[in-house]
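Residues per chain, in single letters:
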Amino acid sequence: MLSKAKLWLSLALSTLLFWSAGLHAAWDLNMPRGVTQMSRDTYDLHMTIFWWCVAIGVVVFGAMFWSIINHRKSKGVQPATFHESTKVEIIWTIIPFLILIAMAIPATRVLTAAYDASESELDVQIIGYQWRWEYRYMRENMDEEEVSFFSVLSTSREEINNGIEKGENYLLEVDRPLVIPTETKVRFLMTSADVIHAWWVPDFAIKKDTIPGFINETWVIVEEPGIYRGQCAELCGMEHGFMPIEVHALAPADYQAWYAEQQAGIRQVRELAAAEMSMEDAMAQGETIYNRNCVACHQPGGVGMPPVFPALAGSVKATGDVAVTMDTLVNGVPGTAMAAYGRQLNPIELASIITYVRNSFGNNTGDVVQPADVNAYIEGGQ
Amino acid sequence: MSATHTISDAHDHHHGPAKGLTRWLYTTNHKDIGSLYLWFSFTMFLLGGAFALVIRAELFQPGLQFIEPAFFNQMTTMHGLIMVFGAVMPAFVGLANWLIPLMIGAPDMALPRMNNWSFWLLPFAFTIMVSTMFMEGGGPNFGWTFYAPLSTTYAPPSTTFFIFAVHVMGASSIMGSINVIATILNMRAPGMTFMKMPLFVWTWLITAYLLIAVMPVLAGVVTMMLFDIHFGTSFFNAAGGGDPVLFQHLFWFFGHPEVYIMILPAFGIVSAIIPTFARKRLFGYDSMVYATASIAFLSFIVWAHHMFTVGMPLAGQLFFMYATMLIAVPTGVKVFNWVATMFRGAMTFETPMLFAIAFVVLFTMGGFTGVMLAITPADFQYHDTYFVVAHFHYVLVPGAVFSIMAAAYYWLPKWTGYMYDETLGKLHFWLSFIGVNLLFFPQHFLGLAGMPRRIPDYALQFANFNWISSVGGFLFGFSQLILLFVVIKCIRGGKKATDQVWEGAQGLEWTVPSPAPYHTFETPPDPKLIHAQ
Ligand SMILES: [Cu+2]
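Residue numbers (my numbering), protein chains in the order written: chain A, 1 to 382; chain B, 1 to 533.
Treat the hints with caution; some may be incorrect.
Straight-line Cα separation of at most 25 Å, SDA-like style, residue types lysine to any residue; simulated pairs [unchecked claim]:
1. A:Lys75 - B:Glu503
2. A:Lys73 - B:Glu503
3. B:Lys196 - B:Gly504
4. A:Lys73 - B:Lys496
5. A:Lys317 - A:Leu345
6. A:Lys87 - B:Asp286
7. A:Lys317 - A:Gln370
8. A:Lys87 - B:Ala532
9. B:Lys495 - B:Thr348
10. A:Lys166 - B:Glu68
11. B:Lys528 - B:Val501
Not everything, but these chain A residues come out facing chain B in the computed CB check (under 8 Å) [to be verified]:
12. Met31
13. Arg33
14. Leu45
15. Val77
16. Lys87
17. Val110
18. Ile211
19. Glu224
20. Pro225
21. Cys236
22. Tyr341
Treat the hints as calculated values from the structure; they're not laboratory data. Glycine included, C-beta positions come from ideal geometry on N, C-alpha and C.
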């Protein structure tokens with residue numbers, strides 16, 4: 001019955017709107033059925049309760065409209081005088097109660113299953129930031145490099161500001177997606193570095209808040225390889241609408257290959273960080289990072305949005321002692337929206353962005369900060 | 001003030017209202033104060049509506065067209081706060097002021113001076129609140145639910161003024177409720193027993209208790225925010241050992257009863273209007289009273305259904321799921337009773353009745369989505385999406401707001417002494433009805449398809465239903481100007497209203513002349529006029 005349910009829903013609702021559903025994805029009327037057992041169970045619950053509501057609605061509104069049509073004064077009817085009936089009132093208290101019990105039973109079963117995050121085969125930590133996600137893969141053994149990275153909206157500002165045509169995955173695309181294996185129980189451990197966010201991928205039927213000071217857990221077994229998209233669901237400040245989630249589910253073998261590649265990449269960055277950077281390279285890379293990571297708050301041209309987001313143009317912290325700029329970037333400013341970038345960016349990126357803010361927007365210190373300086377600063381434990 | 005003075009004061013009032021502005025500033029008359037509340041509420045309704053139209057304009061198409069995300073967040077926040085605290089609640093208090101004394105045969109509210117004060121606090125509270133938008137860093141931008149730490153550590157500096165405004169509003173609400181309770185408990189005319197009180201009086205009595213129970217919790221939670229912001233405490237700051245989830249528990253312990261505060265009086269209004277136009281007694285009066293009381297009780301033990309995604313333990317999730325589902329039972333009883341009242345009546349469909357019928361249908365649709373939202377695993381998908389936006393707008397706009405409009409049309413002849421323009425009233429109804437459904441029905445689809453709430457821009461697959469919703473929004477918004485026009489026209493004249501006004505109307509308010517004189521029931525009404533409802 002339930003497999004036909006979606007069809008019926010689509011038919012009923014789309015006739016209502018004079019459009020046929022499924023003609024275009026943009027007329028989606030219903031929740032996706034998703035790609036996990038949990039999402040299908042959730043979908044079935046959703047449809048069951050929906051049909052109960054439709055059935056009750058038909059009876060109640062049917063009775064009401066029947067009365068409206070037949071029991072109108074203009075038809076010359078005399079009003080009846082009854083105004084209570086204990087029997088009827090008891091019946092219509094009990095029937096909804098029984099329907100609710102019928103609903104509560106499967107809901108309890110699904111919910112209990114959702115809470116069983118035990119025996120996971122891969123653990124990934126998800127950390128919410130204003131306004132990006134960090135993914136950290138838990139290592140099996142400590143010889144491995146820790147794979148961790150930030151995932152930031154990759155839709156360009158020109159698209160958002162209607163300067164150029166919007167791409168297919170407008171606002172649902174990121175620079176580095178989360179990659180997980182299919183057919184594997186993956187457990188997510190969720191927290192936040194600043195305000196509350198919520199990590200939501202509709203195809204997995206997972207939505208969980210990431211809360212500073214708490215670790216929430218949830219899990220998924222994705223059955224189909226593919227790309228799944230979602231968004232932050234909890235209002236988290238200015239750019240809340242711009243922190244999407246993109247998950248690539250790979251077949252286990254492909255996932256292993258991807259993981260090995262990440263390991264190699266980390267070792268390579270470590271080697272490169274030992275090399276000297278030129279002013280041109282640093283400025284070019286810095287600009288990219290600025291437009292990706294900083295522009296939302298400090299604005300194009302570094303003018304900021306005082307008083308909350310200070311201007312970087314002419315800022316004392318950006319033009320004075322290099323250690324102060326370094327400290328601001330690496331450790332952030334606790335208790336404000338200025339996050340610590342020490343872990344979000346690698347030393348090469350940190351060196352470039354520091355060089356960039358010290359030599360842009362009219363700032364002109366002329367110094368080129370090197371990855372080695374940054375490393376020394378971080379290892380110095382400051 | 002000496003006793004003689006007080007007596008001569010009271011004597012002066014017999015000559016009718018004072019003249020000019022001071023009449024309104026100093027008034028202790030329940031009818032004047034009722035009108036003040038209603039006009040204030042309507043002003044706030046237009047302001048909050050204007051903010052909503054800014055939101056709908058920005059969401060008309062994907063991309064950022066008119067406003068920046070930072071301002072968008074202020075719009076959603078201010079829209080919510082103004083509509084909840086400025087439009088819906090004061091409208092019900094205004095109706096309570098006008099109607100409770102008339103319905104129970106009392107000469108005025110029990111505490112008239114406090115009544116004046118509770119009203120006059122409101123314009124100040126909202127001036128403070130709205131002025132935050134002109135402060136450095138902008139106004140509140142953390143949603144009407146103002147979750148910490150977004151509303152504390154990460155909030156704009158104007159948050160302190162927001163907190164102050166909430167305190168002032170809270171004080172006003174508490175005083176208003178004390179007044180309602182004192183009036184109903186002490187000032188009923190002889191013969192007006194509890195089980196003969198009109199349901200509007202009953203629902204307000206229960207609402208007033210809810211308000212007294214939860215407004216202090218709201219005051220407490222904003223005070224904790226104030227301390228976190230200025231005095232270095234860490235109630236909600238995890239870095240200092242605090243707990244951001246505690247904020248949500250406290251907020252929703254207030255917030256959930258709050259949503260019933262906004263709907264119980266609506267039940268009372270509809271229970272007055274439907275019998276009148278069905279020309280048949282309300283079905284199941286007793287069960288209506290008990291259902292209202294059960295809903296009020298349950299409203300205290302379901303708050304965490306707003307927080308199913310925060311990661312509560314399984315037992316907690318299950319408890320709040322079951323308790324929430326239970327609310328459907330007494331709510332269902334009410335809907336069935338209204339339908340049974342219409343059944344085998346002799347109905348006519350004047351504007352108040354049209355709004356009341358639309359209330360029953362559309363509020364029930366909001367109720368259905370409410371039951372769906374109670375199913376915790378399904379809520380994981382619905383939570384914080386447009387499905388929720390559609391749900392609570394269905395219960396609040398064609399729910400609470402339609403009931404207020406129904407009340408306005410229903411009692412307007414009694415207030416002004418003239419009949420309103422029925423043609424315009426019906427036009428207003430039909431435009432509002434079409435507008436509100438165009439506006440909110442597609443939002444169900446948007447939410448199910450995955451559109452989160454409170455975002456200024458969205459992915460392309462949400463474009464179609466968003467523009468439909470925006471068109472509906474503008475239609476609904478501008479239709480409200482018709483209401484303004486009808487009311488002004490009705491105040492200025494029209495067909496004289498009889499005392500009875502509506503053929504089937506029951507209750508003491510219809511035994512006094514139209515317009516209701518400045519002072520009514522200075523001597524108690526004849527107990528023979530008091531009938532069972
Ligand atoms: Cu977020």
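Hints, one by one, checked against the model:
no. : hint                : in the structure
1   : A:Lys75 - B:Glu503  : holds (17 Å)
2   : A:Lys73 - B:Glu503  : holds (12 Å)
3   : B:Lys196 - B:Gly504 : holds (18 Å)
4   : A:Lys73 - B:Lys496  : holds (23 Å)
5   : A:Lys317 - A:Leu345 : holds (19 Å)
6   : A:Lys87 - B:Asp286  : holds (14 Å)
7   : A:Lys317 - A:Gln370 : holds (18 Å)
8   : A:Lys87 - B:Ala532  : holds (21 Å)
9   : B:Lys495 - B:Thr348 : holds (19 Å)
10  : A:Lys166 - B:Glu68  : holds (18 Å)
11  : B:Lys528 - B:Val501 : holds (20 Å)
12  : Met31               : holds (4 Å)
13  : Arg33               : violated (11 Å)
14  : Leu45               : holds (5 Å)
15  : Val77               : holds (5 Å)
16  : Lys87               : violated (12 Å)
17  : Val110              : holds (4 Å)
18  : Ile211              : holds (6 Å)
19  : Glu224              : violated (18 Å)
20  : Pro225              : violated (21 Å)
21  : Cys236              : holds (7 Å)
22  : Tyr341              : violated (17 Å)
In this structure, the hints that do not hold are numbers 13, 16, 19, 20 and 22, in rising order.
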